[in-house]
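Starting from the structure of chain A, add chain B where the hints point.
So you can see what is in the structure, the chains are spelled out below.
Protein chains: 2
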Amino acid sequence: MSEPESPGPVTRRRLLGTAAATAAAGLAAGAGGAAAAQALTAAPAPTPLTAVGTDRVPFHGAHQAGIAQRAQAVGQLAAFDLRPAGRSRRALAALLRRWTAAAAAMAEGRPPSDDDQVALDAGPSRLTVTFGLGRSLFARVDGLGDRLPAALAPIPAFGQDQLDPARSDGDLFVQIGADDPNVAWHALRTVQRLARGTAAVRWQMSGFNRAPGAATVDRTPRNLMGQVDGTGNPASLGKVWVPRSSGDQAWMRGGSYAVVRRIRMLLDDWDELDGGRQEAVIGRRRSTGAPLSAPAHAPERTPMDLAATGSDGLPAIAANAHIRLAAPQSNGGATLLRRTFSFHDGYDPDGAPDAGLLFVAWQADPRTGFVPVQRRLDRGDALSVFVRHVSSALFAVPPGCAPGEYVGQPLLEA
Amino acid sequence: MSEPESPGPVTRRRLLGTAAATAAAGLAAGAGGAAAAQALTAAPAPTPLTAVGTDRVPFHGAHQAGIAQRAQAVGQLAAFDLRPAGRSRRALAALLRRWTAAAAAMAEGRPPSDDDQVALDAGPSRLTVTFGLGRSLFARVDGLGDRLPAALAPIPAFGQDQLDPARSDGDLFVQIGADDPNVAWHALRTVQRLARGTAAVRWQMSGFNRAPGAATVDRTPRNLMGQVDGTGNPASLGKVWVPRSSGDQAWMRGGSYAVVRRIRMLLDDWDELDGGRQEAVIGRRRSTGAPLSAPAHAPERTPMDLAATGSDGLPAIAANAHIRLAAPQSNGGATLLRRTFSFHDGYDPDGAPDAGLLFVAWQADPRTGFVPVQRRLDRGDALSVFVRHVSSALFAVPPGCAPGEYVGQPLLEA
Chain A
1 MSEPESPGPV TRRRLLGTAA ATAAAGLAAG AGGAAAAQAL TAAPAPTPLT AVGTDRVPFH
61 GAHQAGIAQR AQAVGQLAAF DLRPAGRSRR ALAALLRRWT AAAAAMAEGR PPSDDDQVAL
121 DAGPSRLTVT FGLGRSLFAR VDGLGDRLPA ALAPIPAFGQ DQLDPARSDG DLFVQIGADD
181 PNVAWHALRT VQRLARGTAA VRWQMSGFNR APGAATVDRT PRNLMGQVDG TGNPASLGKV
241 WVPRSSGDQA WMRGGSYAVV RRIRMLLDDW DELDGGRQEA VIGRRRSTGA PLSAPAHAPE
301 RTPMDLAATG SDGLPAIAAN AHIRLAAPQS NGGATLLRRT FSFHDGYDPD GAPDAGLLFV
361 AWQADPRTGF VPVQRRLDRG DALSVFVRHV SSALFAVPPG CAPGEYVGQP LLEA
Chain B
1 MSEPESPGPV TRRRLLGTAA ATAAAGLAAG AGGAAAAQAL TAAPAPTPLT AVGTDRVPFH
61 GAHQAGIAQR AQAVGQLAAF DLRPAGRSRR ALAALLRRWT AAAAAMAEGR PPSDDDQVAL
121 DAGPSRLTVT FGLGRSLFAR VDGLGDRLPA ALAPIPAFGQ DQLDPARSDG DLFVQIGADD
181 PNVAWHALRT VQRLARGTAA VRWQMSGFNR APGAATVDRT PRNLMGQVDG TGNPASLGKV
241 WVPRSSGDQA WMRGGSYAVV RRIRMLLDDW DELDGGRQEA VIGRRRSTGA PLSAPAHAPE
301 RTPMDLAATG SDGLPAIAAN AHIRLAAPQS NGGATLLRRT FSFHDGYDPD GAPDAGLLFV
361 AWQADPRTGF VPVQRRLDRG DALSVFVRHV SSALFAVPPG CAPGEYVGQP LLEA
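From first to last, the protein sequence lines stand for chains A and B. All letters in the first sequence, in the order written, are residues 1 to 414 by UniProt numbering. All letters in the second sequence, in the order written, are residues 1 to 414 by UniProt numbering.
What the hints contain is simulated information worked out from the structure, not anything from laboratory work. Treat the hints loosely; a few may be bogus.
Chain B stretches covered by chain A per the calculated footprint, using a threshold of three residues with CB under 8 Å from any CB of chain A [as the list claims (entries may be wrong)]:
#1 121-130
#2 136-149
#3 175-181
#4 197-206
#5 359-373
Note that CB positions come from ideal geometry on N, CA and C, so glycine has one too.
Excised from the complex, chain A in its bound form (with noise of 0.2 Å):
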């Protein structure tokens, strides 16, 4: 009910009990956990904390946060644009200091500098604060031309696309999650003010997932026609990751690229098929989310057999199923980490939600990624007639960074 008097000892130690547990969790990450590791038990007293003990993922490390991690209950994705007194290398910087800087303090549940107090005693709960760097961008900044990474070429247009401009691309994009509304938009405002002269923001789209419970933590999500979404991703994030032995850009190897659309779901379309129809098209049972290539009470995982079929000699996953086209078999072995959130924003003036996913999907590069992929389902997909993708974008995300660093460093001081 009411303040507790002092952060306390015992607080202390719960603190850093948590800290020493997410830093063991970076240094399995990758290089930079080390550096995260020693900095989270070696700070100085940080700003007393008033609710510890929520869960939090370091900030600091290898790669940035708020990609390998769970999709949080909350999203904000937001884009931003240079203001003419941001298209210098120097105030670029400056800005991505600050992001950084905020960023990192939220990551850990400390307010950042000058802070409106919106999430003070609200703990960091899973909050993560990701950055991104769009085409435009490179062309903006003086002295960056040459620095625009070949996996960046814009993707190119499909035939399905109905993509509003005013909500697709940006010079720069944040990607926020947290598994507390509060906090989320807390960081989302956060980043708006620490950009203010510099930039501003182009678009801005709000998403959601299931809360975490102890019932359905260790669950695949649904999206919002009621499907497990997600089943399919790697089980390994070798393909997400920029690699060292990258001949693009250098600045990039630790990073990855995030392909961001907004993809409209026709519910009211959805609705009116049957469950079995419903089912053939994304190959996959409502319930449980197996595969039609599994016995019926096979559980999520089990592997697809695009080969299989049924008893009346048809394929069990339809020619047309989204999840055959969509599967790296299907496609030279292109694999995705789709990490999603579902939108609601209002309705149309005939009733119809204006609803369905933000999907954000992750790769080492599109042009193997996303891009033949996407190219497949857009010829043939049955699911195509229930979707709209209505914006897009592409941006290049940095590796992460060690405390006293920010994101892009080496984009803009290398």
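Frame of chain A, contents of chain B only:
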């Protein structure tokens, strides 16, 4: 990871344990609780729950759920207008019967009929669905004119109102709250689907609060100004429910009245005030929420002393401070139960967030509750230059019902 194979005896036992505990809470709440307890323990085996053990709020009882309970992490507010086909007592009764059955099922974690599966395995997550009736309904449906409660008198216009009629009023009101965003959305979609042909969405607003967690569940939430918001709520709900002795419409006894206002916060202006001036505007400390009449480290719920003066001889709580003007002792004892959600719906062209508070205030009679308090605030509240009321609605929220009954039945059938 996978679906449980069957509900099994352990699952059943856990379910009944939860039901018994929540039914006991219902008993304490009022007469309807006894019926609810009986129904929950004597009901036939429900559709298997795939996620038991998460918190739930009993739907049935003397009062509707979603008023006395702490506000959930996610809120969905929607008003519906009856279509021509819905403007009869019979059609309205059928709609309220469908809505009641679906809300009761979802509150137990069971799928409603013809379910879209969006929240299939998410658990009830403290879901509440609360139904209300607007003044326009009584003019539209034959035979209801003489059943209009006097307490449903139009809210007078206030000098500082800037109301959008399209986002105000409405024939029917649905307030949804859940700690899981997917569960809240599923309930909204279900209510909308069940209204098809009978009623259409007039307006809909999404809101949020801090997520419940071990460290935060007992704290008063903060709003988007960073202020602890809700400290002054009454300790007793005596002035929330329409009393049995009410001389107004008998069908509203045990019900309540909801004033719903979308209050935009001018956050960029607010941010320009320093912390001391922000505290003076509200009358409370930013850090703890304690009134400025209390010593520096006093806890949040220290009673306010409107007569206290500071060392400068001036009132500790300024003459135009928000909490002074809103206090019951400034308004002849008028008391509101505030049960609010924050909102954020994008940005103005100048970059200002369209964000603020979905204010939902509950009382036995708005003519002696919200109206006198708002009249006083409208005239002199220091906060008023930082907020803008952009929509307003008032709904009669009937009492709760027992299993087998539906919300509003005494209005339509007695």
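These are the hints, each one checked on the structure:
Closer than 8 Å: that is the beta-carbon criterion, and the stretch 121-130 of chain B has 4 residues meeting it against chain A, so the requirement of 3 holds. For a cut-off of 8 Å, the count of residues in the stretch 136-149 of chain B with a CB near a CB of chain A stands at 0, and the three-residue condition is violated. Given as covered by chain A, the stretch 175-181 of chain B passes the check, having 3 residues with a CB less than 8 Å from a CB of that chain where 3 are the minimum. Using a Cβ-Cβ cut-off of 8 Å, 4 residues of the stretch 197-206 of chain B lie near chain A, which meets the minimum of three, so the contact claim holds.
Closer than 8 Å: that is the beta-carbon criterion, and the stretch 359-373 of chain B has 0 residues meeting it against chain A, so the requirement of 3 is violated.
When held up to the earlier numbered hints, the structure conflicts with 2, 5 and fits the remainder.
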